[in-house]
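**Student:** First to last, the protein sequences are chains W and L. If you want my numbering, it's the 1-based position in the first sequence plus 907. If you want my numbering, it's the 1-based position in the second sequence plus 54.
In case anyone wonders, no lab produced these hints; they're calculated from the structure. Quick caveat: nothing in here was measured; it's all calculated off a predicted structure. Mixed in with the good hints, there may be bad ones.
Unchecked claim - Some chain W residues judged to face chain L by a derived CB distance under 8 Å, without partners named: (1) Ser-1099; (2) Phe-1100; (3) Ile-1110; (4) Phe-1121; (5) Asp-1127; (6) Ser-1166.
Stated by the list, open to error - Incomplete in silico selection of chain W near chain L, CB under 8 Å: (7) Tyr-992; (8) Phe-993; (9) Lys-1055; (10) Tyr-1102; (11) Ile-1181; (12) Ala-1187; (13) Val-1188; (14) Val-1314; (15) Pro-1361; (16) Gly-1362.
We put the beta carbon where it would ideally sit given N, CA and C, even for glycine.
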Amino acid sequence: MKGLLIVSGLGILAMMAEIFKFKKLLFPLVLLGILGAYVANFMEWNSGFSIAVFDNMIAFDKVALAFSGVILATAFFWFIMANDYFEDMPTVVDHFSLVLFALTGALMLTAFKNMTTLFLGIEIMSIPLYVLAASKKKDVKSNEAGFKYLIMGSFASGFLLFGIALVYGATGSFDLMEIRAKISEMGSGMPSFFYAGIIMMLIAMLFKVSAAPFHFWAPDVYQGSPTVITALMSTVVKTAAFAAILRLFMIAFGGVSESWSMVLASVIALSLVIANFSAAVQTNVKRTLAFSSISHAAFMLMVVLANLRSNATLDALLYYSLAYSIGSIAAFGIIYNVTKNGDETFDSFNGLGKRNPLMAACMVVAMLSLAGIPITAGFFAKYFVFTTMIGTGYKWLLILAILTSAVGVYYYFKVIIAMYFKQATTEEPVTIELSQKVVMILTTLFTLALGAVPGFVAEMFKF
Amino acid sequence: MIKLIALVPLFPLIGFLINGFFGKKLSKGLSGGIASVSVLASFIVAVLAFLELEHSTNKSHVVELFSWISADTLNIPFEFLYDPLSAWFLLIITGIGFLIHIYSTGYMHDDAGFSRFFTYLNLFVFFMLLLVMGNNYLIMFVGWEGVGLCSYLLIGFWFKNQAYNDAARKAFVMNRIGDLGFLLGIILIFVSYGSISYGDVFSRAGVSSNAVVTAIALLLFIGAMGKSAQIPLYTWLPDAMAGPTPVSALIHAATMVTAGIYMIVRSNVFYSISEVASETVAIVGVVTAIFAATIGLLQNDIKKILAYSTVSQLGLMFLGLGVGAFSSSVFHVTTHAFFKALLFLGAGSVIHAMGGEQDIRKMGGLKGKIKITYITMLLGTIAISGIPPFSGFFSKDEILAHTYEHSKLLWVLGMIASMLTAFYMFRMLFLTFFGKFRGTHEQEHHLHESPSSMTIPLMVLAALSVLGGALGLPEFWHMPNWMSEHLSPIILHKNPSALDHTTEWTLMGLAVVAAGVVIYFAHAMFITNGVLPLENEEKMKPWQKLIYNKYYVDEFYDAVIRKPLDLISTAFYKFLDLQVIDGLVNGVGSMVKGTGNVVRLLQSGNIGFYIVSMVLGVILILLFTFII
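Sequences and hints are given; from them, build the entire structure.
**Tutor:** Shown next as structure tokens:
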């Protein structure tokens, strides 16, 4: 709870930086604030009891705090990485406050207890992102990205509202626990429009995590947005959306899983195929990663599909989101630096192994982790998902996931091949800011550490 | 200190990281200093912990660091086991490791890869410590593979010489064969007992059938054969002498090659249960001991002689393990670590003095020129030959006494091996240090004693080689055999000596007399008669040729294993790989690309289309949910 308050306070503070002229101080202040929020979050997690606030609309329980922790840690790295991009802009203040508000929404999504706070969280998170996606004002692509994102996002919000209304109509409550109670009380006597409501909500949430066939926005938006914003969307936003899906479908609708699990399974299968096969033929790195993020979303959805309310399930999703976020921050940070000249094709990576060996090495780790090769974090992330899935009736999905992630190896390795086996047009070394270097090294080490001692981290998540 | 035992492997790891990342920027003194100090720090912690263990009644401490891998029923914590066995190995590894680090600062001083050398050396110490400290077979396996890697890196340290690279590769491949056995053994252990932690496994070992235990014991022994260079996997060790001499002393004499002994002592439960397995160990051991000793008789490379001697001594240790004398083998590991490290370092000092020459045919008369090296090596040679009261005598005698009790035939073979040892060791000593100098004039001019950083470790090791026997005095002398008492908590089936004192005295006397006679014979041959090794093969008698060429084992492996394997590989490559696999893979690849090119068309960029397909998706899903 304190984390949420600190972050929203920071957002307001950031808006005042322009007026009271402490723009230069803003970056360190924000970093400190995020760190403070993380510490407060951790202390709450450690103290172990949670209070529900706002008439039981938000409750930071252990699961919420764990996801908040992942989000805050990712955000911390993200700010260090992104500062280089915003630093020289006259609008740095606006950008920072927008990001902080998006973060506030993300934290809300980890802790909502009520469908109103769910909707609020989604909107608070999304609206700043529409603006941020279009924040390269003079770039047509960026404008297009923001606009597309806005239109399609509003469309999805419409579905969400529609779904909430239907569910409310059937159960008479916005409260997740009450809905749950109602479901178990009524059994199969729920009206059919209730199920339609669940499906509508599911579709809206699937849109947010860009699962197929609701993924069309993702490649265009990821490619068009400034790279740092893409990084934000594929890490913080994804994690928050998954925390929300987990809460919604395990707490509220867990009892009627048969009504949505088949839909979810088909969506996962479709996402795996479309994402990996499309990614394989892309030439733009950011676009490839957009498709890859769809594939990762499918993996994380499998945990929800398993619908086993056990620690192992939560562990798996948490571990996956952490591994994926950290790996993505590293990858996008490097892409940002490499593609500064505007060339975003795989060729921009040619010869990076010579032009900046450290950066290339970190990129290798990030790619291996995203591809799921041991001993990186990504391997165990996939492994934990598989172990939660193995006991369920979706073995065919598991096999499909393994096969398609083999395709994934192909496009991740394209980057590695470009870095080490292709000749660059120039031998000129690629320079990188110190802060960027720090993030890059820290995230890389973190990825390796997570992979070297997976049990160590999983144990931290035990609750 | 036992609680802080994790510091022992941590220090070399830190040393490795510092030297690995910044070694090139550090001065040589700093780089070598950091590496040596890190091992010294480990040694100090190991000593303090050891003292604590000695005074504590609890002899087995498990220090859990973190939960390492946990998935369903597989739960492997990362924890260390600190008990008399691991405590003792820690002392050997860090103690001798430290001496060899010091020696290396002198020996490697002019080498361009100075910091790289210490990086590898620290990493080796780290993995070796992991190997002996783990509380389950997986950590042992990680250490096992790690030391193998470091061994590979260090054998091929001078990688510009292709022959050295080949030697490194040979060591790696040979070890991999053994490792596979070890790995299968671990898997079988897990399948049979549901755990790979020592405590669980050993307490449940009696439950499973004898066949399972035998299979486990034999598979583990295959691992030991690779790492500890036993027949048929020994041929890599002599070639491994391509590495710098301190490496030969540390890795290929004192520590890594004894990992197989450690593993079997650790798993002694299995070998106590399975007679078949322990017989196999004993026979392989004694055959290796004799086989390698005979090859040692006619080698001319000073390091190769020592390498064959190591193989032979390791064989003796396995003989001890096979007859159930576990603590005697650990005792011999210890004394062998002292005198063999000493001999290797001494040989290094000789090579240093000779400006890189390793052929004893080109040496001779060095005893006046490099006195310290000569005296220390003389002490080492006496120790290995089994002359009382030097350390080698006691440890070898203990193994042979247990062997005698077990089987007279094995004892005879063991005696022959140790007589051969005395002979070739004195042959090496006499040819190197006595007689006239046979090298070039330039070399003679260049002869000089090594710097004190090299001679001090020699002196320390010489003292240990002389006095080390006190660790395990024979029980019938009514003296405490400290080593066997120390190790008694971890040996589950003890095997007290049942020989009467007269027999023991006789055996001991026989051994001493035999060694004396052999040394006299060597003296007569090489000093009095001045016999020199033959310069070329043509003058040799057939049996000499056979031995000189190491029984043609390498050639045999080449013809029987490598060539057929090459043929099969080529056939597979040409047919299976190029045709079938490549065809399949390329087929899959073009399928993926083809599908991708179709699927990408969906991504038209037209937002109207996106929304239409989204709505279609929603409609389809709703239809699907409510109609089907």
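**Student:** Each hint needs a verdict: does it hold in this structure or not?
**Tutor:** Against the structure, the hints come out as follows:
no.	hint	result
1	Ser-1099	holds (7 Å)
2	Phe-1100	violated (10 Å)
3	Ile-1110	holds (6 Å)
4	Phe-1121	holds (6 Å)
5	Asp-1127	holds (6 Å)
6	Ser-1166	holds (7 Å)
7	Tyr-992	violated (25 Å)
8	Phe-993	violated (28 Å)
9	Lys-1055	holds (5 Å)
10	Tyr-1102	holds (7 Å)
11	Ile-1181	holds (6 Å)
12	Ala-1187	holds (5 Å)
13	Val-1188	holds (4 Å)
14	Val-1314	holds (6 Å)
15	Pro-1361	holds (7 Å)
16	Gly-1362	holds (4 Å)
Hints 2, 7, 8 from the earlier list are contradicted by this structure; the remaining hints agree with it.
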